[in-house]
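Participant: Use these hints to put chain B onto chain A, whose structure you have.
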Amino acid sequence: MISSPVIDCIAVNKSYKQNHVLRDLDLSIPPGSVVGLLGKNAAGKTTLLKAILGLIRPNSGSITTLDHDAWNLPPDAKARLGYVPQLITLYPWMKVRHMIDYTASFYPRWDRPLIDRLLHEWELPENATIGPLSSGQLQKLAILLAIGHHPDLLILDEPAAALDPVARRAFLATLLDIVSDSTDAPHTILFSTHITADLERVADRVAILKDGQVVYHDSLDTLKDHVKRLRITANAPLPTPLNLPHTLSEEISGPNARITLRNLTPELLARLASDLHATIEVEDLNLDEIFLEFHHA
Amino acid sequence: MHEPTNLPGGRPKTFSREPIGERSDALNMRTCKNRSTSPYPHILRTYLRNKMMWLATFMLLIGICSLVASIVQFRTPTHVNVISHIPPHLDAQTRHVWEEQNRHLADDQTRHAIQEKYNHLMRAINGAFFFVFLLFVMHVVLLLKQQIASPRAVLVPHYRRPHLIVAAALVLPVMILWPLTVSFGFSLSPLPVFAASSLLFTLILWCSYLNSLPFAVLFLAVWFGAFSSWGQNALRDWFTSPAILAPLLLIAVACFFLFRLVERLLALREEMPEYHRTTQIYGWQAFSSPQFSYGESFRINYNNRVVRFTQSPSRRVLARLAESRPTSLFRQLQRWQLGQPATPPLFFAGLVLMILLVFLLISHLIPGNTNRVDIQIAFVPLFFFPLLILLSCGMQVWRTLGVDSLRPVPRKNYLRQRAAAVALSIAQVWFAMALTFFLAAAVLQPEFLATANYWLILAATAIVQIPIFAIFFWFLRYRSMVLSVAIYMVFCVGLPFLFIGSSNTLSKFLALPHFLLLAVLLLLASALILRDAYRRWLTTDLA
Numbered sequence: 001m002i003s004s005p006v007i008d009c010i011a012v013n014k015s016y017k018q019n020h021v022l023r024d025l026d027l028s029i030p031p032g033s034v035v036g037l038l039g040k041n042a043a044g045k046t047t048l049l050k051a052i053l054g055l056i057r058p059n060s061g062s063i064t065t066l067d068h069d070a071w072n073l074p075p076d077a078k079a080r081l082g083y084v085p086q087l088i089t090l091y092p093w094m095k096v097r098h099m100i101d102y103t104a105s106f107y108p109r110w111d112r113p114l115i116d117r118l119l120h121e122w123e124l125p126e127n128a129t130i131g132p133l134s135s136g137q138l139q140k141l142a143i144l145l146a147i148g149h150h151p152d153l154l155i156l157d158e159p160a161a162a163l164d165p166v167a168r169r170a171f172l173a174t175l176l177d178i179v180s181d182s183t184d185a186p187h188t189i190l191f192s193t194h195i196t197a198d199l200e201r202v203a204d205r206v207a208i209l210k211d212g213q214v215v216y217h218d219s220l221d222t223l224k225d226h227v228k229r230l231r232i233t234a235n236a237p238l239p240t241p242l243n244l245p246h247t248l249s250e251e252i253s254g255p256n257a258r259i260t261l262r263n264l265t266p267e268l269l270a271r272l273a274s275d276l277h278a279t280i281e282v283e284d285l286n287l288d289e290i291f292l293e294f295h296h297a
Numbered sequence: 001m002h003e004p005t006n007l008p009g010g011r012p013k014t015f016s017r018e019p020i021g022e023r024s025d026a027l028n029m030r031t032c033k034n035r036s037t038s039p040y041p042h043i044l045r046t047y048l049r050n051k052m053m054w055l056a057t058f059m060l061l062i063g064i065c066s067l068v069a070s071i072v073q074f075r076t077p078t079h080v081n082v083i084s085h086i087p088p089h090l091d092a093q094t095r096h097v098w099e100e101q102n103r104h105l106a107d108d109q110t111r112h113a114i115q116e117k118y119n120h121l122m123r124a125i126n127g128a129f130f131f132v133f134l135l136f137v138m139h140v141v142l143l144l145k146q147q148i149a150s151p152r153a154v155l156v157p158h159y160r161r162p163h164l165i166v167a168a169a170l171v172l173p174v175m176i177l178w179p180l181t182v183s184f185g186f187s188l189s190p191l192p193v194f195a196a197s198s199l200l201f202t203l204i205l206w207c208s209y210l211n212s213l214p215f216a217v218l219f220l221a222v223w224f225g226a227f228s229s230w231g232q233n234a235l236r237d238w239f240t241s242p243a244i245l246a247p248l249l250l251i252a253v254a255c256f257f258l259f260r261l262v263e264r265l266l267a268l269r270e271e272m273p274e275y276h277r278t279t280q281i282y283g284w285q286a287f288s289s290p291q292f293s294y295g296e297s298f299r300i301n302y303n304n305r306v307v308r309f310t311q312s313p314s315r316r317v318l319a320r321l322a323e324s325r326p327t328s329l330f331r332q333l334q335r336w337q338l339g340q341p342a343t344p345p346l347f348f349a350g351l352v353l354m355i356l357l358v359f360l361l362i363s364h365l366i367p368g369n370t371n372r373v374d375i376q377i378a379f380v381p382l383f384f385f386p387l388l389i390l391l392s393c394g395m396q397v398w399r400t401l402g403v404d405s406l407r408p409v410p411r412k413n414y415l416r417q418r419a420a421a422v423a424l425s426i427a428q429v430w431f432a433m434a435l436t437f438f439l440a441a442a443v444l445q446p447e448f449l450a451t452a453n454y455w456l457i458l459a460a461t462a463i464v465q466i467p468i469f470a471i472f473f474w475f476l477r478y479r480s481m482v483l484s485v486a487i488y489m490v491f492c493v494g495l496p497f498l499f500i501g502s503s504n505t506l507s508k509f510l511a512l513p514h515f516l517l518l519a520v521l522l523l524l525a526s527a528l529i530l531r532d533a534y535r536r537w538l539t540t541d542l543a
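Sequence order for the protein chains is A and B.
Residue numbering for the first sequence follows the numbering used here, beginning at 1 and increasing consecutively.
Residue numbering for the second sequence follows the numbering used here, beginning at 1 and increasing consecutively.
Where hints are given, some of them may not hold.
Claimed, not checked - Here are a few chain A residues that sit away from chain B, every Cβ distance over 10 Å (derived from the structure):
#	residue
1	Ser-62
2	Asp-76
3	Thr-89
4	His-98
5	Asp-101
6	Ser-105
7	Asp-164
8	Thr-174
9	Asp-177
10	Thr-196
11	Ala-197
12	Glu-267
Stated by the list, open to error - Computed, partial: chain A to chain B, Cβ under 10 Å:
#	residue
13	Lys-78
14	Ala-79
15	Tyr-83
16	Tyr-102
17	Ala-104
Note that these hints are calculated values from the structure, not bench results.
In this text, a Cβ means the ideal position worked out from N, Cα and C, and glycines have one as well.
Chain A with its partners taken away, still in its complex shape (with noise of 0.2 Å):
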């Protein structure tokens, strides 16, 4: 049975007056599967996050979230939705105690003994006021908060910013359980990140978001085994440019090259070799390496 995709954007368009944030973008998001968003800076990622939120409207195209328009998400849908913003907000005036109250009287399945637990372990202290709360601890509560009804779809806005790299990998630890934990429905997450370690750690998909499109979506082995990079050595100076199909970068020097392809192939890899008369080394990149190449650094 084929399970219809947890999040589908069409199409989406969203402006804000001459800024185009998001162009054209297509993304769909089956269930179970934990995507990491990449992108640089304003290039859309909360924007596209807060979009399938339904807490902003895209100017056309359509976005569906757990079967619903995001737009108009009914109070059950809303039920099975968590989400962590880039900028905590909450109430500053409260204890902690009081916001996990407060928050936890909208979920009719809120799992005290979890979050209880999860303050012991991430020593978030129960009585102290949220105002004066220092930005990483006020990242564990929002984390805490956004978890504790068990969402059907976690979205997280690049939620480990903030965190030690000891909270960081409790946090990441905490999100395989949750997706470890799917006695009655697969957890989805979608987080955006900066730091692609942690993406590595947990992700099984990766989205790489640039100028509003989504130009890569797929499972991060896949992204591994299909972007390479290339060092080719020839007897004489190499045609500049070379017009390899799915060039991510290249530079030329002499007979020397460097060029990373998005989508090399052994047949590809041969008649290269063969063409150019030269050696060539294929190299593995780590998935920060493949982050700068889509965008050209």
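Facilitator: For chain B alone, kept in the frame of chain A given last:
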């Protein structure tokens, strides 16, 4: 931009030249020095670009125009001729004696001139005119504080002095020219006027700098005191008094506190308690940006006991939430109220009670004081204090509106309930305050309760809240701080002051048929505005 690199192995070097942004770098004294330009135009530009300052300056201009118009009206040749025959310095008693002695001589014109002289004077000195002058200097200090209470003030060399000089250049002319204009315009003693205004200006400067509740209460108490007949008589006597030594002493006191303020600003550091009490709305944040969060707009010291007391949510409601989920609409509204920054009615009721106690009770308890404060003065705050909730919500509601909309509640219900929760808060505060005033009147001035005016004014204060709420709700979609403050100033402060200020208008307005007609019209208009606002809110981005 790529630089060619030697292959293989080299990393492309990227060079970028950061443009020196005027917004962020306007205050960078080092940059200014390197360019050999003066920092003053850059600093002045921060005031010119600030929309709150636009609003304050606009209101200041209106205040200046009103003051000038008042003086021109006051100084007609006939008035000047008649006033020249009035003894120059009249305290309440000698004026009364003079009026009695000249009753058979003075014609209607003379009596009218005397009355006019004091009417214009009082309107100029403690009506809305003076308020806008105070508002202007308050804005300047709030912006200055925001500039000084930052790491830049410590790290950037020669930072504070030019900022202080620019602020002083904006504030001092207002502080000096206002008393001079008023004293010469209305033929008053310059020194007493200068002394009183200097003290008030100094008080508002300190209040703005400290940004703390007790000082705000002190200022409001003094301010409302000036509106009472007791305060007006005292001011009138003081402004026409020939005294020299006492005003000079008061001016010295004001100067002392001004210098202390400058000292404090020059030494302001993070460990000082007032450092954290800044209002970032006077900064450079792009409030019109859809991605801007109001969460960044305030820096409040939540370790402060007063702040904790006034903003701590209802323990009773929280305890009930912890036990079970709310089912009735009222309980749901109570829950949304927990998410409002100015929920506890106790805060407002307490504030007003304190103000009342300061000048109302004292005036009744001073032995032999015949100029008691009239209880009617209590209605002025009843007009606009409950609506302060709108202002605070207007500032902070966007902070959590988006995230809260993800709670399992349909969008329509969510919007209705959030608006209804704010309306409920206003109603609660209004009721608490009305009860306070009722009790104060029952104790201090029971005869007032027997007049029809009491009940009509009370009803008017309640009815006025509804259209203002509707208008505010409509405009809140634009998430504009300036718009919120402007609406509050115009509808919540300006109109009631004008309304209360003119007793003739008030008595005409309070004729029952007119009152009822106006009330019905206002309620109808409110319903239409609310309906339209709700429809627009349904299509508004909430984050």
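Participant: With reference to the structure, classify each hint as holding or not holding.
Facilitator: Against the structure, the hints:
1. A:Ser-62, annotated as away from the interface, keeps every beta carbon of chain B farther than 10 Å; the closest lies near 16 Å.
2. Not every CB of chain B is more than 10 Å from the CB of A:Asp-76 (nearest about 7 Å), against its label as outside the interface.
3. A Cβ of chain B approaches the Cβ of A:Thr-89 within 10 Å, the least distance being about 5 Å, so the stated non-interface status is violated.
4. With 10 Å as the threshold on Cβ separation, the claim that A:His-98 sits away from chain B is violated: the shortest Cβ distance comes to roughly 5 Å.
5. Distance check for A:Asp-101 against chain B: the nearest CB is about 4 Å away, which does not clear 10 Å, and the non-interface claim fails.
6. At the 10 Å boundary, the C-beta of A:Ser-105 falls inside the reach of chain B, the nearest C-beta of that chain being 4 Å off.
7. With a least CB separation of 22 Å from chain B, A:Asp-164 remains clear of the 10 Å interface cut-off, as annotated.
8. Residue-level check passed: A:Thr-174 sits 20 Å from the nearest beta carbon of chain B, beyond 10 Å.
9. Annotated as non-interface, A:Asp-177 keeps its C-beta farther than 10 Å from every C-beta of chain B; the closest such distance is 22 Å.
10. Taking the minimum C-beta to C-beta distance to chain B, about 17 Å, the non-interface status of A:Thr-196 holds against the 10 Å cut.
11. Annotated as non-interface, A:Ala-197 keeps its C-beta farther than 10 Å from every C-beta of chain B; the closest such distance is 20 Å.
12. With a minimum CB-CB distance of about 24 Å to chain B, A:Glu-267 clears the 10 Å threshold, and the non-interface call stands.
13. For A:Lys-78, the interface hint holds, since its Cβ comes within 10 Å of a Cβ in chain B; the closest pair sits about 4 Å apart.
14. Look at A:Ala-79: its Cβ gets to within about 4 Å of chain B, closer than 10 Å, so that hint holds up.
15. Because the beta carbon of A:Tyr-83 sits about 6 Å from the nearest beta carbon in chain B, less than 10 Å, this interface hint is met.
16. The beta carbon of A:Tyr-102 comes within 6 Å of a beta carbon in chain B, closer than 10 Å, and the hint placing it at the interface holds.
17. Checking A:Ala-104 against chain B by beta carbon gives a least distance of about 8 Å; that is within 10 Å, so the hint holds.
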